[in-house]
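Peer 1: Here the protein sequences come in this chain order: A and B.
First residue of the first sequence: 1, per my numbering; consecutive thereafter.
First residue of the second sequence: 1, per my numbering; consecutive thereafter.
Quick caveat, the hints were computed from the structure, so don't treat them as lab data.
Note that this is a predicted model, so its numbers are computed, not measured.
Just so you know, not all the hints are guaranteed correct.
[Stated by the list, open to error] List time: in silico EDC-like cross-link candidates among lysine to aspartate or glutamate, alpha-carbon distance up to 16 Å:
no.: 1; chain 1: B; residue 1: K499; chain 2: A; residue 2: E77
no.: 2; chain 1: A; residue 1: K71; chain 2: B; residue 2: D467
no.: 3; chain 1: B; residue 1: K455; chain 2: B; residue 2: E408
no.: 4; chain 1: A; residue 1: K71; chain 2: B; residue 2: E430
no.: 5; chain 1: A; residue 1: K74; chain 2: B; residue 2: E94
no.: 6; chain 1: B; residue 1: K499; chain 2: A; residue 2: E315
Below, each chain spelled out in residue letters.
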Amino acid sequence: MAVSLKETYELLGCIQCGRCTAGCPVGFRTYLNVRKVVYEGLTETGPRDAKGRPEAWNCTTCSNCTDRCPKGVKPMELLIGLRSAAIEKGKAMPTVRDALESTFKHGNPWGRGRDKRMEWAEDLDVPVADEGEEAPLLYFYGCTPAYETRAQDVAKSLVRVFAAAGVPYKTLGTAESDCGNEIWRLGEQGLFELLVEGNTELFRSHGVETIVTSSPHCMNTFKNEYGDLGIEALHYSQFLKELLDEGKLELPTPVEKTVTYHDPCFLGKHNEIYDEPRDVLNAVPGVTFVEFDRSRERALCCEGGGGRMWVEAVEERGERIAEIRVNDAVALGADYLVTACPFCLLTLEDAVKTSGNEGKIEVVDLSELVAMAL
Amino acid sequence: MAEDKNEQREGRERAGGAGGRGEGDRPTTGEDPEARGDQRLGVYICHCGVNIARTVDVEKVAEAASRLPGVAIAKTYQYMCSDPGQSLIKSDIEKHGLTGVVVAACSPRMHEPTFRAAVGEAGMNAYLFEMANIREQCSWIHEDREEATDKATDLVRAAVARASRLDRLTEREVEVTPEALVIGGGIAGIQAALDIAEAGYRVHLVERTPSIGGHMAQLDKTFPTLDCSACILTPKMVDVARHANIDLLAYSEVEEITGYIGNFHVKVRRKATSVDRHLCTSCGDCIEKCPSRVPSEFNEGMAERRAIYTPFPQSVPSEPVIDRDHCLYFQNDGKCGVCAKICTVGAIDYTMEDEIAEFDVGTVVVATGYDEFQPKLKPELGYEAYDNVITGLEMERLCSASGPTEGEFAIGGKEPKDVVFIQCVGSRDETVGNPYCSRVCCMYTAKQAHLVREKLPKANITIFYMDIRAFGKGFEEFYDRVRKENVIYRRGSVSEIYKKGERLVVRGEDTLVGEPMEVEADLVVLATGITPRRETEELVKQLKLSRSADGFLLEAHPKLRPVDTPVDGVFLAGCCQGPKDIPDAVAQAKGAASSAIAPMAKGTVMAEALTASIDEDLCSGCRICVSVCPYGALAYDEEDDVSKVNEALCKGCGVCAAACPSGAITMSHFTSEQMLAQVVALIGGSDG
Numbered sequence: 001m002a003v004s005l006k007e008t009y010e011l012l013g014c015i016q017c018g019r020c021t022a023g024c025p026v027g028f029r030t031y032l033n034v035r036k037v038v039y040e041g042l043t044e045t046g047p048r049d050a051k052g053r054p055e056a057w058n059c060t061t062c063s064n065c066t067d068r069c070p071k072g073v074k075p076m077e078l079l080i081g082l083r084s085a086a087i088e089k090g091k092a093m094p095t096v097r098d099a100l101e102s103t104f105k106h107g108n109p110w111g112r113g114r115d116k117r118m119e120w121a122e123d124l125d126v127p128v129a130d131e132g133e134e135a136p137l138l139y140f141y142g143c144t145p146a147y148e149t150r151a152q153d154v155a156k157s158l159v160r161v162f163a164a165a166g167v168p169y170k171t172l173g174t175a176e177s178d179c180g181n182e183i184w185r186l187g188e189q190g191l192f193e194l195l196v197e198g199n200t201e202l203f204r205s206h207g208v209e210t211i212v213t214s215s216p217h218c219m220n221t222f223k224n225e226y227g228d229l230g231i232e233a234l235h236y237s238q239f240l241k242e243l244l245d246e247g248k249l250e251l252p253t254p255v256e257k258t259v260t261y262h263d264p265c266f267l268g269k270h271n272e273i274y275d276e277p278r279d280v281l282n283a284v285p286g287v288t289f290v291e292f293d294r295s296r297e298r299a300l301c302c303e304g305g306g307g308r309m310w311v312e313a314v315e316e317r318g319e320r321i322a323e324i325r326v327n328d329a330v331a332l333g334a335d336y337l338v339t340a341c342p343f344c345l346l347t348l349e350d351a352v353k354t355s356g357n358e359g360k361i362e363v364v365d366l367s368e369l370v371a372m373a374l
Numbered sequence: 001m002a003e004d005k006n007e008q009r010e011g012r013e014r015a016g017g018a019g020g021r022g023e024g025d026r027p028t029t030g031e032d033p034e035a036r037g038d039q040r041l042g043v044y045i046c047h048c049g050v051n052i053a054r055t056v057d058v059e060k061v062a063e064a065a066s067r068l069p070g071v072a073i074a075k076t077y078q079y080m081c082s083d084p085g086q087s088l089i090k091s092d093i094e095k096h097g098l099t100g101v102v103v104a105a106c107s108p109r110m111h112e113p114t115f116r117a118a119v120g121e122a123g124m125n126a127y128l129f130e131m132a133n134i135r136e137q138c139s140w141i142h143e144d145r146e147e148a149t150d151k152a153t154d155l156v157r158a159a160v161a162r163a164s165r166l167d168r169l170t171e172r173e174v175e176v177t178p179e180a181l182v183i184g185g186g187i188a189g190i191q192a193a194l195d196i197a198e199a200g201y202r203v204h205l206v207e208r209t210p211s212i213g214g215h216m217a218q219l220d221k222t223f224p225t226l227d228c229s230a231c232i233l234t235p236k237m238v239d240v241a242r243h244a245n246i247d248l249l250a251y252s253e254v255e256e257i258t259g260y261i262g263n264f265h266v267k268v269r270r271k272a273t274s275v276d277r278h279l280c281t282s283c284g285d286c287i288e289k290c291p292s293r294v295p296s297e298f299n300e301g302m303a304e305r306r307a308i309y310t311p312f313p314q315s316v317p318s319e320p321v322i323d324r325d326h327c328l329y330f331q332n333d334g335k336c337g338v339c340a341k342i343c344t345v346g347a348i349d350y351t352m353e354d355e356i357a358e359f360d361v362g363t364v365v366v367a368t369g370y371d372e373f374q375p376k377l378k379p380e381l382g383y384e385a386y387d388n389v390i391t392g393l394e395m396e397r398l399c400s401a402s403g404p405t406e407g408e409f410a411i412g413g414k415e416p417k418d419v420v421f422i423q424c425v426g427s428r429d430e431t432v433g434n435p436y437c438s439r440v441c442c443m444y445t446a447k448q449a450h451l452v453r454e455k456l457p458k459a460n461i462t463i464f465y466m467d468i469r470a471f472g473k474g475f476e477e478f479y480d481r482v483r484k485e486n487v488i489y490r491r492g493s494v495s496e497i498y499k500k501g502e503r504l505v506v507r508g509e510d511t512l513v514g515e516p517m518e519v520e521a522d523l524v525v526l527a528t529g530i531t532p533r534r535e536t537e538e539l540v541k542q543l544k545l546s547r548s549a550d551g552f553l554l555e556a557h558p559k560l561r562p563v564d565t566p567v568d569g570v571f572l573a574g575c576c577q578g579p580k581d582i583p584d585a586v587a588q589a590k591g592a593a594s595s596a597i598a599p600m601a602k603g604t605v606m607a608e609a610l611t612a613s614i615d616e617d618l619c620s621g622c623r624i625c626v627s628v629c630p631y632g633a634l635a636y637d638e639e640d641d642v643s644k645v646n647e648a649l650c651k652g653c654g655v656c657a658a659a660c661p662s663g664a665i666t667m668s669h670f671t672s673e674q675m676l677a678q679v680v681a682l683i684g685g686s687d688g
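Model the full assembly from the supplied sequences, consistent with the hints where possible.
Peer 2: This is how it looks when you write it as structure tokens:
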């Protein structure tokens, strides 16, 4: 008999204050009520998996609930646990099942073959480390920038920037596999552990000392969830900030635009990296920076995290948060809505279309903005 | 070893001693050739009801103790601390001619004084008493009865080994300086100072800011009685100013406190006020003409004061001070001088320097108050982002007739239509390291809601809360009244505040409906909690105090000595010890005052019998002891090239003895011989 949810997730500390629900970005968007889920867990009156409580699939793992709980309860972990229990029983929704299967077979959740993983780099001179070759500075481009057409621009821009700054980086080519961040959050802990094992071995075989990632999600899991990896994991915004400080990266071309910046949850809330992306952004000549009212710790979640890219949201209602974000950016008079995460890029760009703001604003990744200034 | 073979064994009494055992079973430990001869110790094992006896087989422990060398008698008893328990010891001392007593019971913090007094009454030197803690350090923390019994036996054996080597010590009587120091001039410090002064003793009241009054002076009304806070406080402030026994040292800070109960020596820095208080008539002309504007601390930054200022109109003392950090004269090389020109009595003195006041006191009351929680630590509540999100104290100033808006209740010049209060901001919240309840916010929020209702009969007033704690006299009744004034309490915590046009949106969950909800507001008041003063750590070092886990100053006992500190002669009053409302702070202040008066009234205290002594033949004069002594009790004598102990200052802490590289320092009652015997007996094995 498995241990109860209240023991596993230490739910007995909960005082039912409701701060988790109050801060939940999808609390207004769906019927997910985090406090109720916790209450059902601690009174053992609710379903024990996400099959019986399908709203659990709506969680974006932004971590507001866990970060702000006054009693140290971790509701986000409980929601992930409910997903795990559903997966264990073979009750995951089909889109999730497909993503997991693809990750197991092909090393990416996008259902694409491993041989296509470097298509983004075809016309570019991207250094690939041969088997066993040393790669002390590794650029981990990630699954989404590898396969998703729009997100490929992130990887393409970054390798241009690296080349301009003379960065001695390598990639692992098609040997690279999913980082596991979203897999863990979808609830497939077994697969996550396999990925950790495989990736750790791969990195060690190449003597990796520093990993620079396209996505805050990859950086987050390498930095916080890979145990004793012994490798420095940086998001590219941190790395570009270093290059700028050391004078290795020069940005001579002005970009005469008004821009605002959307904090990705996995860069900001999860890892408290708020200043570096803003510093990089402000290093671009010509840029006029305007800040969102809700920024930094108070930033909105775009709803793209926690495996939500592969989840059919359950019983949605109201305006999508990414649309709110785009409307706010338009109201700020921004030409560019800049972010620094492939998932945010995709959700926000989609929201430009669905909110009828096409032509009024463009969603731009920070890497693209920097590349414009080369 | 003396024995009592002929002694009738009655009840639970066991007589015996090592000599009573057969040749073959000589104890492997315990039989210590260095133990002093002719010892006749009485050992008493307490059941403490079932507190000890449930986990420890006390009979077995007594049985083992009875066989230890030097033990004349070993008994168990239900409650050793009871009168019959104490009488048992006293009559045994007489009947058996005991040379020492060991009680195995609770922590010596509880009953060592009880037993020392008991043996003293029977004519034995109180320092020949030793205690083994088999409750807190054994029965309460173990479950296995057999192992706990073994451990208790070990602890008793160790105590016996030490007890048989204890020396007779005598306490010295020390005179008490009939003056007291009160640190902090808020309501607690004011009350303590007044009570001590009224009892006829001189009080030095030290206040850091230019006026006494503290946070209470900032409050508009008090809960639940709705008294005007300033109206009930200012008469007390005036009493302080007028009282012949009170030496008010405002704009001053304690620099150093040395000494011990009865004889503390205090150094206070009197910051230069730049205004001669003997000449100044408090006319206020200088303040009016001062060109420099500074955010007013008293008004929580919501209004400005001048560089020469009194914090508020009823300040005590009434003379202004010059804030040199913001004064143009001091910041611009003497350009300005307006106040000196305007002053008709020539009271402005730019050359004034800080002074150090030195004096002796017998007792000290610490009443240093609290800091309000800094809501910027909860960025999701938007305190730093939005002007119309304010703290509890800012709300007090906003409501107050003497506040920045002179009581006109307006935000940005407009009357708010929707006011939202949020409870528990920075309290009961582990994310900011404050797990405790601040005890005042539920009621001050209810009071502020009432004040808003008075001023704005049509406003929508919503209070988000987690639990309402209306525990004090008249609190629940007041809470009932406020609700019925159309103040809507919604049970749920808030996690987001953001801007929508010019208005705020407060997002919470109404947990009783079970739905997230948004309420629009023109004004959001955060019920900011009480936190320890930022300067608490300095105070702890100065006075050798301790802090509890919540960061506030630690009382000597949470139930029975809530006003005392671990340092004799130093007492606590008000929020420095933990969150309190005004009546609780006043009550504790009165308690601290009476505790501070007691030794002064008696005139003498018994000084520590435990002191260090230096073997001058062994002392190399290295002076390490001088540098480590926290009480300044050691001094180097150049003539003899050795360090010497001032017994009057020595508190018997033992730091010097531990630090001395030559082993020249002996701590009485904790001699190396006594400690080693105890350790050897403890680790020697359990078959003694």
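Peer 1: All hints are to be evaluated individually against the structure, with a verdict given for each.
Peer 2: We went through each hint and held it up to the structure:
1. As the CA atoms of B:K499 and A:E77 are separated by approximately 30 Å, the hinted pair breaks the 16 Å bound.
2. About 14 Å separates the Cα atoms of A:K71 and B:D467, which keeps this hinted pair within 16 Å; it holds.
3. At most 16 Å may separate the alpha-carbon atoms for a hinted pair to count; B:K455 and B:E408 meet this at roughly 9 Å.
4. Of the pairs offered as hints, the one joining A:K71 and B:E430 holds, with about 6 Å between alpha carbons and a cut-off of 16 Å not exceeded.
5. For the hint pairing A:K74 with B:E94, the CA-to-CA distance comes to about 65 Å; that exceeds 16 Å, so the pair is violated.
6. For the suggested pair B:K499 and A:E315, the alpha carbons sit about 27 Å apart, so the restraint of at most 16 Å is broken.
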